[in-house]
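Trainee: Respectively, the protein sequence lines represent chains V and S. Residues in the first sequence are numbered from 1 upward in steps of one, following our numbering. Residues in the second sequence are numbered from 1 upward in steps of one, following our numbering.
Worth flagging that the hints you see were computed from the coordinates, not collected in a lab. Do not rely on the hints blindly, as some may be mistaken.
What the hints assert, rightly or not - Derived DMTMM-like pairs (lysine to aspartate or glutamate); straight-line CA-CA distance at most 20 Å:
id: 1; chain 1: V; residue 1: Lys302; chain 2: V; residue 2: Asp287
id: 2; chain 1: V; residue 1: Lys8; chain 2: S; residue 2: Asp30
id: 3; chain 1: V; residue 1: Lys313; chain 2: V; residue 2: Asp250
id: 4; chain 1: V; residue 1: Lys206; chain 2: V; residue 2: Glu273
id: 5; chain 1: S; residue 1: Lys49; chain 2: V; residue 2: Asp157
id: 6; chain 1: V; residue 1: Lys8; chain 2: S; residue 2: Glu29
id: 7; chain 1: S; residue 1: Lys49; chain 2: V; residue 2: Asp174
id: 8; chain 1: V; residue 1: Lys231; chain 2: V; residue 2: Glu254
id: 9; chain 1: V; residue 1: Lys381; chain 2: V; residue 2: Asp33
id: 10; chain 1: S; residue 1: Lys49; chain 2: V; residue 2: Asp33
id: 11; chain 1: V; residue 1: Lys313; chain 2: V; residue 2: Asp287
id: 12; chain 1: V; residue 1: Lys347; chain 2: V; residue 2: Glu230
id: 13; chain 1: V; residue 1: Lys366; chain 2: V; residue 2: Glu247
id: 14; chain 1: V; residue 1: Lys293; chain 2: V; residue 2: Asp125
id: 15; chain 1: V; residue 1: Lys8; chain 2: S; residue 2: Glu24
id: 16; chain 1: V; residue 1: Lys206; chain 2: V; residue 2: Asp350
id: 17; chain 1: S; residue 1: Lys49; chain 2: V; residue 2: Asp153
id: 18; chain 1: V; residue 1: Lys293; chain 2: V; residue 2: Glu321
id: 19; chain 1: V; residue 1: Lys347; chain 2: V; residue 2: Asp103
id: 20; chain 1: V; residue 1: Lys293; chain 2: V; residue 2: Asp132
id: 21; chain 1: V; residue 1: Lys314; chain 2: V; residue 2: Asp250
id: 22; chain 1: V; residue 1: Lys312; chain 2: V; residue 2: Asp287
id: 23; chain 1: V; residue 1: Lys366; chain 2: V; residue 2: Asp250
id: 24; chain 1: S; residue 1: Lys49; chain 2: V; residue 2: Asp125
What the hints assert, rightly or not - Chain V regions said to be covered by chain S (calculated; three or more residues, Cβ under 8 Å):
id: 25; stretch: 23–30
id: 26; stretch: 150–159
Glycine included, C-beta positions come from ideal geometry on N, C-alpha and C.
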Amino acid sequence: MRRNWTVKSLLLFFFLALMILGGLGLYQHRHFDIPIVAGPGVTRVVKLSDYAQGLKGTTADTLVFILEGKEEGGKALIMSNTHANEPESLLAALIMIENAVVDRGTLIIIPQFNHSASRNTKPGDGYPLYFDIPTEWGRKTFRMGNRDASPLDQWPDPDVYIHYPERQLLSFIDARNTNRTWPGRPNGLLMEKVTFAAMEIMRREKVDIAVDMHGAETMFPVTNCIVAPEKSLRIATMAALTVKAREGFDSHVEPSPVGFRGLSHREIGDYAETLPFLLEAPIPFLDQPTGPKTEKFLLDGKDPFLLSLAHKKKLFVPYDESGWPISKRVGQHCSLILEILGQHAKKFPDRAVEVRGAPRYADIVKNGVGYYFHDPARAEKTKVYSN
Amino acid sequence: MVMIFYYFISAFLALLLLWNFIREKKNVEDMALYLLVLVPLILRILRVK
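Start from the sequences, fold in the hints, and give me the full structure.
Mentor: Put into structure tokens, the structure is as follows:
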């Protein structure tokens, strides 16, 4: 009898040690906040739940930064971290929030669109929980999120996700993917409420342009591109040609497939007057045949297995020993946003959104991403937001 | 609403496993397995993962 309880006590001790050691890091990650310094252009900060009551009090609610110009003009919505494991989008959005000033029109930025996913992890794939960006004042730490929202916030998953309102059958996991739940609904799944709230912003504020930033594998054909539906194709093509000619980087145009539902570049165009654009920057970290998924690899994009595949012409982007560093990926996003705004202003001068102070591709490649972040410890307290 | 129901199911299964662990007298392998299966349920009930 005594032996029995000794064995049980030992097993319980190991069980508790496993739970505490494994769980503590995950708990801290979920509750880690990223400080965001609102730059000189930010005029208002609201919550996504202001546009959809169903998000109030949930982890899916997130900050919305509004940069208003002195002159009347058009409106643009920029979303990042739709997939929270594609950090170039988040970094590009934060650079805009901390540096951009709008002279004309309005810029609405949602830096952590799938806020629940940004507090989710992928320990099974060995993802790092955090990554650091070096700055002039020290290292700025970010949460490394996951593609899908946390099951802690939306559970259980259905056997098959039936898209609303098109009723297309999608993978069960896409019920937590905010790039499959567009256009959403006010009383649906939590992620459908998130996309519904963004649609409400576009409808109520009469947004002209919506840009959804992403990263995609180098072995995936839809990478290093702008995905656009028919009505956005002209502006997307002009933006792609202009950045190629003036800034020297490629980003081809991919048409948005009509039969594949739930994606931002499809549903925003079909269910609002807004012109949608989805930007994809190559992110080698997401490819499968790679070495360990380390923080270094996430940031420099260098991998010997991908290099070997590049020599065999198996990748959809040029790839050499220099990898695909985060500065290039973030720089591409920033330049493409500014170019899309510029091309839209040429076509619709009354609805122009004019932005200054935001860096372009060459600036970010030269100075690094961290150069554009401000020290939250030295910033005015009312300008620092935690999300 | 469905999510709350699933938390109750998890708590119920966790109690069953714990009860089986306490009742088990001889088989150490079974005791270890009960605790191992308990891990994800406890992590979910405590809203850790």
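Trainee: Hints first: check each against the structure and report whether it holds.
Mentor: Hints versus structure:
A hinted pair counts as satisfied when its Cα atoms are at most 20 Å apart, and Lys302 of chain V with Asp287 of chain V qualifies at roughly 12 Å. Of the pairs offered as hints, the one joining Lys8 of chain V and Asp30 of chain S holds, with about 11 Å between alpha carbons and a cut-off of 20 Å not exceeded. Note on Lys313 of chain V and Asp250 of chain V: the hinted pairing holds, with a Cα-Cα distance of about 17 Å set against a maximum of 20 Å. With a C-alpha separation of about 8 Å, the suggested pairing of Lys206 of chain V with Glu273 of chain V holds against the 20 Å cut-off.
Restraint check for Lys49 of chain S and Asp157 of chain V: the C-alpha separation of about 15 Å stays at or below 20 Å, so the hint holds. Our distance criterion of 20 Å between C-alpha atoms is met by Lys8 of chain V and Glu29 of chain S, whose separation comes to about 11 Å. Taking the CA atoms of Lys49 of chain S and Asp174 of chain V, the gap is about 19 Å. The hint holds against a cut of 20 Å. Simply put, Lys231 of chain V and Glu254 of chain V have alpha-carbon atoms about 13 Å apart, close enough for the 20 Å limit, and the pair holds.
Our distance criterion of 20 Å between C-alpha atoms is met by Lys381 of chain V and Asp33 of chain V, whose separation comes to about 15 Å. A distance of roughly 17 Å separates the Cα atoms of Lys49 of chain S and Asp33 of chain V; the hinted pair therefore holds under the 20 Å criterion. Between the alpha carbons of Lys313 of chain V and Asp287 of chain V the distance comes to roughly 15 Å, so the proposed pair stays at or under 20 Å and holds. Distance hint between Lys347 of chain V and Glu230 of chain V is fulfilled; the C-alpha atoms sit about 16 Å from each other, no more than 20 Å.
A hinted pair counts as satisfied when its Cα atoms are at most 20 Å apart, and Lys366 of chain V with Glu247 of chain V qualifies at roughly 13 Å. Restraint check for Lys293 of chain V and Asp125 of chain V: the C-alpha separation of about 8 Å stays at or below 20 Å, so the hint holds. Restraint check for Lys8 of chain V and Glu24 of chain S: satisfied, since their Cα atoms lie roughly 9 Å apart, inside the 20 Å limit. The suggested pairing of Lys206 of chain V with Asp350 of chain V holds, with an alpha-carbon distance near 14 Å, which does not exceed 20 Å.
Proximity of Lys49 of chain S to Asp153 of chain V is assessed by CA-CA distance (about 10 Å); at most 20 Å being required, the pair is judged to hold. Distance restraint check for Lys293 of chain V and Glu321 of chain V: the Cα-Cα separation of roughly 18 Å lies within the 20 Å cut-off, and the hinted pair is therefore satisfied. Of the supplied pair hints, the one linking Lys347 of chain V and Asp103 of chain V holds, its CA atoms being roughly 18 Å apart against a limit of 20 Å. Of the supplied pair hints, the one linking Lys293 of chain V and Asp132 of chain V holds, its CA atoms being roughly 15 Å apart against a limit of 20 Å.
The suggested pairing of Lys314 of chain V with Asp250 of chain V holds, with an alpha-carbon distance near 18 Å, which does not exceed 20 Å. Distance hint between Lys312 of chain V and Asp287 of chain V is fulfilled; the C-alpha atoms sit about 16 Å from each other, no more than 20 Å. For the suggested pair Lys366 of chain V and Asp250 of chain V, the alpha carbons sit about 18 Å apart, so the restraint of at most 20 Å is met. Of the pairs offered as hints, the one joining Lys49 of chain S and Asp125 of chain V holds, with about 15 Å between alpha carbons and a cut-off of 20 Å not exceeded.
With a cut-off of 8 Å between beta carbons, the stretch 23–30 of chain V has 4 residues touching chain S; three or more are needed, and the interface restraint holds. Counting residues of the stretch 150–159 of chain V whose C-beta sits closer than 8 Å to any C-beta of chain S gives 5, which meets the bar of three, so the coverage hint holds.
Violated hints are absent here; each numbered hint is respected by the structure.
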